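Asks: Here's the letter readout for the chains.
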Amino acid sequence: MIEEIASTADGNIILNLGPQHPATHGVLHLVITINGETIQKVEPHLGYIHRSIEKMCESLTYRQFIYVTSRMDYLSSHINNHACALCVEKGLQIEIPSRSQVIRVLMDELTRIASHELWWGAMAMDLGAFTPFFHAFREREAINDIMEETCGARLTMNYMVPGGVMQDIHPNFQRRVKEFITLFKSKVGEYNELVTGNIIFQNRMKGVGNLSAADAISFGCTGPTARGSGVSCDIRKLYPYEIYEKLDFEEILESDGDSFARYMVRVREMSQSISIIEQLIDNIPEGDFQAKTKAVLKLPKGEFYQRVETARGDFGVYIVSEGGTTPYRIKYRSPGFSNLSALDHMARGSKLGDLVAMMGTLDLVIPDIDR
Amino acid sequence: MTIEALKEKITALFPAVTFEEGGQWPTVLVEPTDWHRMAGILRQNDALYFDYLFCLTCIDWKTHLTMVYHLDSTKYRHNLVVKVNLLKMNPAIETVSDIWQTANFHEREVYEMFGVNFLHHPDLRLLILPDGWEGKHPLLKDFEDPINMIKL
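Protein chains in written order, with my numbering: chain P, 1 to 371; chain Z, 1001 to 1152.
Since the hints were made in silico from the structure, they are not lab data. For clarity, every value in this text was computed on a predicted model and none was experimentally measured. We put the beta carbon where it would ideally sit given N, CA and C, even for glycine.
Covered stretches of chain P, going by a simulated chain Z footprint (3 or more residues, C-beta under 8 Å):
hint, region
1, 229-237
2, 293-305
3, 316-324
Residues of chain Z placed beyond 12 Å of chain P at every Cβ, according to the derived structure:
hint, residue
4, 1002
5, 1004
6, 1008
7, 1011
8, 1015
9, 1019
10, 1031
11, 1033
12, 1035
13, 1038
14, 1047
15, 1085
16, 1088
17, 1090
18, 1094
19, 1120
For reference, chain P alone in the conformation it holds in the complex:
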């Protein structure tokens, strides 16, 4: 909904894209300065879904605050919870049972696939192809059903808690994950036939929204956005947490730095996540799913930082503790916030019609940006 058009003295036109626009996937407001069809400047206005989560967390205990983080990047809610749980465990210096570690990684990777699936469908829809959306949601539903069975929720799972996971996996879990793997493998070829190899799609993506490796680092871009520019930034590889160092998977890098490169990174990452799940699904160790922890958690005085790799990039939880039951200050370093800051740089000089393709490949989740 491009609502308001204002013209300035130098012939530039100011366009408002959003806050309610189907291509922004949420309430993001972009003020775009154009000259003819050429973008001069893109100015994001944030905060339409700002809930002051950081302030809220200051009055929540170390058991409670994790539930709020599911509401930030709601497509990676398991991974957000995981980061918080790891950060609290780092402060308490507790080891968690190996069963819960494996369950956590399985859940993370399922979430990553579900997130990339949704992105893939929405990305194609942004460019005018409606069918892929239904294909993507067919597989994503299968993951949501698995989550619902084990975690009791489809989107905000709140399954990872300090010390392990909330409850043991459902007896059907392994069977249904294996069914999903079979389903996914039979369909992934279809994705490439339908979208990746499509010449119209490629023409709209290749050479659009170029981001050099140096700029990606300077803007703090992470995740598939930076890996599309050839920047190695996968936290699972660089600063391994949980059991990622024991797993065999590849960090996907593409060197072109355009929208198509970022697209290819995400499509290829899904197969890597499937490979991680295959390595673990038959090897879930027996034992407890949660370590014994005290009912009231108190972190020692100090600072704790935990970085994890969400579907969008480097997510960080920074807890400053004064020794009490609630954090003194919490900072969430959200990947989307930094990725969005590169949009202006990417878009300058390109055509207005390409902006949607660029935004699509940044994979923005607005609650993650606004927090």
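Since chain P is already given, all that's left is putting chain Z on it; use the hints.
Replies: Relative to chain P, chain Z alone:
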């Protein structure tokens, strides 16, 4: 570079800084007036090469504010945390958005949430908070808002 070697290198380059013990990464405390020059060297020096600022935030300690910069090097994969203490009244510090472009957005967030004035910032305006919010800084500890309750 090991943590000890990194600490030695930083001490050699910047004799004025003090190290804080106990954190997961080497942490240095810097004077606000030294920070911009030091940031440029941390970014440019071939042996340090801190090219990735992954987190920039502020903490309100009631008596003073502390700016916290988390740095990473994509070349050497070593990390450094830089802390700068600011006065509670009219806090101000030089921007580092000319060194790390990601600081542009992060500093705007700290500006509106904590009221820190970033000198020579190219575009210091509200980012997340709505227009007309000037003067109130929600993440300060003494912030109270009876209508939009965010404390539980």
